[in-house]
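The primary structure of each chain is shown beneath.
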Amino acid sequence: MSGILIIAEQRRGELRPISLELLGAAASLRRDGDEVAVAILSDSPERFVKSLSVGGVDEIVTVRVGAPEFDPDTFESAVGALITRRSPDVVLVAHSVDSFGYAAALAARLGLGFATDVFNAERIDGELVATRGGYGQKVNVEVDFPGRSTVLLAIRGNVFKAPDQAATPRVTSFDAPPADNRAKGREFIELSAGDDVDMTAAEFILTVGRGIGEEAKVAQFRELADAVGATLGCSRPIADAGWLPKSRQVGQSGKTASACKLYIAMGVSGAIQHLAGMKHVTTIVAVNTDAEASIFSVAKYGIVGDIFEIADELRKLF
Amino acid sequence: MKILVAVKQVAALDEDFEIRGDGRDVDPEFFIRDLNEWDDFSLEEAVKIKEAAAEPVEVIVVSVGTDEVDESLRKCLAKGADRAIRVWDAAVEGSDSIAIARVLAAVAKREAPDMLFAGVQSSDQSFASTGIAAAALLGWPHAAVVSNLTYTPGAASAVFRRELEGGSLQEVEIQCPAVLTIQLGINTPRYASLRSIKQAASKPIEVLSLADVALSEADVGEAGSLSRVRRMYVPDKGRAQLIEGDAAQQAARLAEIIREFKGARA
Chain H
1 MSGILIIAEQ RRGELRPISL ELLGAAASLR RDGDEVAVAI LSDSPERFVK SLSVGGVDEI
61 VTVRVGAPEF DPDTFESAVG ALITRRSPDV VLVAHSVDSF GYAAALAARL GLGFATDVFN
121 AERIDGELVA TRGGYGQKVN VEVDFPGRST VLLAIRGNVF KAPDQAATPR VTSFDAPPAD
181 NRAKGREFIE LSAGDDVDMT AAEFILTVGR GIGEEAKVAQ FRELADAVGA TLGCSRPIAD
241 AGWLPKSRQV GQSGKTASAC KLYIAMGVSG AIQHLAGMKH VTTIVAVNTD AEASIFSVAK
301 YGIVGDIFEI ADELRKLF
Chain Z
1 MKILVAVKQV AALDEDFEIR GDGRDVDPEF FIRDLNEWDD FSLEEAVKIK EAAAEPVEVI
61 VVSVGTDEVD ESLRKCLAKG ADRAIRVWDA AVEGSDSIAI ARVLAAVAKR EAPDMLFAGV
121 QSSDQSFAST GIAAAALLGW PHAAVVSNLT YTPGAASAVF RRELEGGSLQ EVEIQCPAVL
181 TIQLGINTPR YASLRSIKQA ASKPIEVLSL ADVALSEADV GEAGSLSRVR RMYVPDKGRA
241 QLIEGDAAQQ AARLAEIIRE FKGARA
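Going line by line, the protein sequences match chains H and Z.
Per my numbering, the first sequence starts with residue 1, numbered consecutively.
Per my numbering, the second sequence starts with residue 1, numbered consecutively.
Simulated from the structure, these hints should not be mistaken for laboratory data.
Take these hints with a grain of salt, some might be off.
To be verified - Ranges between beta-carbon positions, derived for each pair: (1) Z:Glu-217 to H:Ser-149: 21 to 29 Å; (2) H:Gly-24 to Z:Ala-155: 57 to 65 Å; (3) Z:Val-234 to H:Ser-149: 29 to 37 Å; (4) H:Arg-109 to Z:Gly-21: 32 to 40 Å; (5) Z:Glu-29 to H:Pro-17: 38 to 46 Å; (6) H:Arg-210 to Z:Glu-15: 43 to 51 Å; (7) Z:Arg-265 to H:Asp-34: 41 to 49 Å.
To be verified - Only part of the chain H face toward chain Z is listed, based on derived beta-carbon distances under 10 Å: (8) Asp-71; (9) Pro-146; (10) Gln-165; (11) Phe-174; (12) Gln-252; (13) Thr-256.
Built from N, CA and C at the ideal position, the CB exists for glycine as well.
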C-alpha cells in the first residue's frame, strides 16, 4: 500500500483548523498516483464529513470511537489499527496538545519514522525529508527516516495553507478495535477571565515579557499602555508568575491576537508558542536588549535597546 | 513510594555559534548548558507531592548524558530530589527522543516508581515526545501537558487538568502508575538554598551503563532512533527593520508608528 493518511482533529464538535492545513503539507509530499485519505475519530464522525470535503482529499474515513473527545489510549489504538490496515507511506497529524498525548507512543510502539513540529516536508531524491527547528529555532534541522516504510509527521500549525475549494471525496468507514481507556476525560474548563479584557478583539496591543524582570514594573507598562491607547498583553512567564491575569496572555496556550493591527512587544524573546499567537499581525514592533532574540525575525520594526528607557521616552510623547 | 522525574540538560546557543564539521549539529563549544525549564516544574511538582504525603516518598531524578549533565542533576538534588541517576554510553550519541525514551523506560523498569514525570518538551530540540514514548515502552497510561495535578503517592488514580490550545482546560482521571508530561506554570519552582546546594555537592550521582539497565547498543543511537539528523543549518530569517538612534529618537519613531496606526483607524 501507499499514500498519505491524515488524522484530522476535532474538539467539542468543532473541526480544528490545523486539520485542513495538514492537506497543504500532504500536497507537498504527494506523488503521482498517491491517494490522500483523511480519518476523523469521533463518536459521531459523520458530522465532520461536510467540512472535510475539500480539495486534495480523495477519501474521508469515518472512525467511530467510544467517546466524543480525545483520549490517548483510544487514539493510539484506533490510529494504530488504521496504519496497520492501510500501510500508508506518510501519516500526518497536527503538532498539538492532543497529538503530544499519543503520537510518540504510537511511533515508538509501531516503529514508525517520526518527527514533530515539522514546518517543511519534501522528497529529496525520493527520500522523505522533514525540517524542524532546533536550539530555540536558531537553526533548521533536516531529518530523514532510513529504513522506515511508514513515517509519522506532526505538523506545525499556521504554516501550511488549507485548501479553499470544496470537493466530493468518497466516504468510507473504519471499525476501530475497542480500546482500554486508562485516562478518562471529564469536563472542559474555560479559563476564568481574571479581568474582562478580550485580547482577540484588541486592535492595538502592547505586550510585556520576561524582560520586565519584576512584578513591580508591571504598573509602569500598564500606565504606558493606557496612555498610548493600547491593550496590555503579556507572554507566558508573566502570566505564570501571576503578574498579569492569564486572560492577557498571547500565544498558543493563551489568546490569539486575531484583530490586532499594531503589536508592540517589549522584553519578549519570541518563543515559538508566543509567535503562534501574534506573528500574523501586520505591524509588529519589537523592543529587546538581545539583538539575536527571535522576536526580531517576525517584527517589521526592531529597537535594540533597554525597554525601560524606551518606555520612559515614549511616555513623554503621549 | 517513589516518583521518578526525567530531566534533560539543554543547550542554548552562544551568540556567534558555528555548525559542527559534519554539518549535522552545532559545535558543542558554543553550548550554554542548563536544566530544561520544563523540568524545573516537574521536579517541583514531585517535591511538593513528597512534602505533602503522609508516607515517605522518594524523588529520583534521571538523565541521559555525559558527566556534563551532573551539574543539572546537582541542581535537582539541591532543589529537593533524594537521588540522581545518570545513564551514559558512547553508543547513545546520535539518539533521537525515542531512543532516549528507551533508556528512561529501562530506568523506570529498574526503579519501579509509582509515577514518572517528564517535561512537556525541551527548550532546545522541542520534540515534545520523550515522556510519552517512554510510557508506550513501559505500557503505562500517559497524558501530556498537565497544568494542575491532584495525586497521592500510592493511589490507584490521579486527577489532572490538561492545558489545551487557546487556554481552556480538560479535567482527566488517569490510572497509576502513569507518565505525565508537566507544563510550565503548574507550580512555582523553588530556589535552592545555599545550604542545600552545599549538601547536594556531596550527594552521589549513580552512573549506569546500558548493560546496567538491560539495554544493548542497538537500542540507542541511530539504530534505536526513528529519525536521523541529515543536516543542520542557519536559516535565512526575516529581519526587522532596525530603528536606530538614542532612546529618545527610537521612542519618537515608535510614537510616529503609533500615531500612523491611530490615524489610519480614525
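Here's how the hints hold up against the structure:
Between Glu-217 of chain Z and Ser-149 of chain H, the C-beta spacing of about 24 Å keeps the proposed range 21 to 29 Å intact. The supplied range of 57 to 65 Å is broken by Gly-24 of chain H and Ala-155 of chain Z, whose beta-carbon atoms lie about 45 Å from each other. Distance hint check for Val-234 of chain Z and Ser-149 of chain H: the Cβ-Cβ separation is about 33 Å, which falls inside the suggested range of 29 to 37 Å. Against the hinted window of 32 to 40 Å, the Cβ-Cβ separation of Arg-109 of chain H and Gly-21 of chain Z comes to about 36 Å, which satisfies the hint.
Between Glu-29 of chain Z and Pro-17 of chain H the beta carbon distance is about 42 Å. The supplied range of 38 to 46 Å therefore holds. Roughly 18 Å separates the CB atoms of Arg-210 of chain H and Glu-15 of chain Z, a value that falls outside the hinted 43 to 51 Å. Between Arg-265 of chain Z and Asp-34 of chain H, the C-beta spacing of about 47 Å keeps the proposed range 41 to 49 Å intact. Checking Asp-71 of chain H against chain Z: minimum C-beta separation of about 8 Å stays under 10 Å; hint holds.
Taking 10 Å as the C-beta contact cut-off toward chain Z, the hint placing Pro-146 of chain H at the interface holds, the least distance being around 6 Å. Contact between Gln-165 of chain H and chain Z, as hinted, is not supported at the beta carbon level, the nearest pair being about 26 Å apart and thus beyond 10 Å. A hinted interface residue such as Phe-174 of chain H counts as satisfied when its beta carbon comes closer than 10 Å to some beta carbon of chain Z; here the least separation is about 22 Å, so the hint is violated. Taking 10 Å as the C-beta contact cut-off toward chain Z, the hint placing Gln-252 of chain H at the interface holds, the least distance being around 6 Å.
A least Cβ separation of about 7 Å between Thr-256 of chain H and chain Z falls short of the 10 Å threshold, and the interface hint therefore holds.
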